[in-house]
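Chains H and V are the protein sequences, given in the same order.
Residue numbering for the first sequence follows the numbering used here, starting at 74 and increasing by one per position.
Residue numbering for the second sequence follows the numbering used here, starting at 74 and increasing by one per position.
If you are wondering where the hints come from, they were derived from the structure by calculation, not from laboratory data.
Certain hints may be false.
One copy or two, it doesn't matter: identical chains are merged, so the pair holds either way.
Stated by the list, open to error - Below, in silico cross-link-like pairs of lysine to any residue (SDA-like), each with a Cα-Cα straight-line distance of 20 Å or less: (1) Lys81 x Asp190; (2) Lys81 x Asp149; (3) Lys81 x Asn126; (4) Lys81 x Gly96; (5) Lys81 x Thr123; (6) Lys81 x Glu178; (7) Lys81 x Asn105; (8) Lys81 x Ser122; (9) Lys81 x Thr95; (10) Lys81 x Gly161.
Number of protein chains: 2
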Amino acid sequence: MPEPDFDKRGGLLPAIAQDIDTGEVLMVAYMNRVAWRHTLETGQATYWSTARNELWVKGATSGHVQRVREILVDCDADAVLLRVEQVGGVACHEGYPSCFFRRVEGDVWRIVAERRDPPASG
Amino acid sequence: MPEPDFDKRGGLLPAIAQDIDTGEVLMVAYMNRVAWRHTLETGQATYWSTARNELWVKGATSGHVQRVREILVDCDADAVLLRVEQVGGVACHEGYPSCFFRRVEGDVWRIVAERRDPPASG
Numbered sequence: 074m075p076e077p078d079f080d081k082r083g084g085l086l087p088a089i090a091q092d093i094d095t096g097e098v099l100m101v102a103y104m105n106r107v108a109w110r111h112t113l114e115t116g117q118a119t120y121w122s123t124a125r126n127e128l129w130v131k132g133a134t135s136g137h138v139q140r141v142r143e144i145l146v147d148c149d150a151d152a153v154l155l156r157v158e159q160v161g162g163v164a165c166h167e168g169y170p171s172c173f174f175r176r177v178e179g180d181v182w183r184i185v186a187e188r189r190d191p192p193a194s195g
Numbered sequence: 074m075p076e077p078d079f080d081k082r083g084g085l086l087p088a089i090a091q092d093i094d095t096g097e098v099l100m101v102a103y104m105n106r107v108a109w110r111h112t113l114e115t116g117q118a119t120y121w122s123t124a125r126n127e128l129w130v131k132g133a134t135s136g137h138v139q140r141v142r143e144i145l146v147d148c149d150a151d152a153v154l155l156r157v158e159q160v161g162g163v164a165c166h167e168g169y170p171s172c173f174f175r176r177v178e179g180d181v182w183r184i185v186a187e188r189r190d191p192p193a194s195g
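Work the whole structure out from these sequences, hints included.
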């Protein structure tokens, strides 16, 4: 079975989660081979937490899991795009639908999304 | 002026390019501080080529530049989302609109996009 090229980038490849219904880019995290296989086996987006250095089943604590509906791999096989159903509609631990809730506007970063949940710890 | 946290991840942060009109995720590349500033100053998506170890103005050779219409920064300030107008409609050096042209389908990766240009060297 083909796999992304985990010999690259120290074995940690960027994985983008995109809402399959709206097209919104929700977050970027990292996958190693363990996280990749766990994602395929369970159908739930699973990353490798570079902060905690452990497997991270997205939403395991918050309930905001990501049901993987499609997986795409890029031309160099060193990046992954997960097209997901974002349970709860909130991907970001800050309570926003997407982690990309700040827009660069000249000298400031302006919040351009509405917070839906209180900030959580992870 | 605020900047992404280039003290993280060895100074190279993932930067996603998304077609601002269609929402399609086009590619993932990397930015260091030099690439970030060049992008802001020129309005053209500029990355750091980890293969060539040099500044990479996307499309400088092919003409398929990315005109940056919006820049978003994630919650941890260690990933960047460029919402772009993809000149020529082709982001991938393989000639596909997006670098994510292969979908994981069981044991195979199936090409799910139409090639628009012949493969190029970069």
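task: Provide an ascending list of the numbers of those earlier hints which the structure does not satisfy.
output: Failing hints, ascending: 1, 4, 6, 9, 10.
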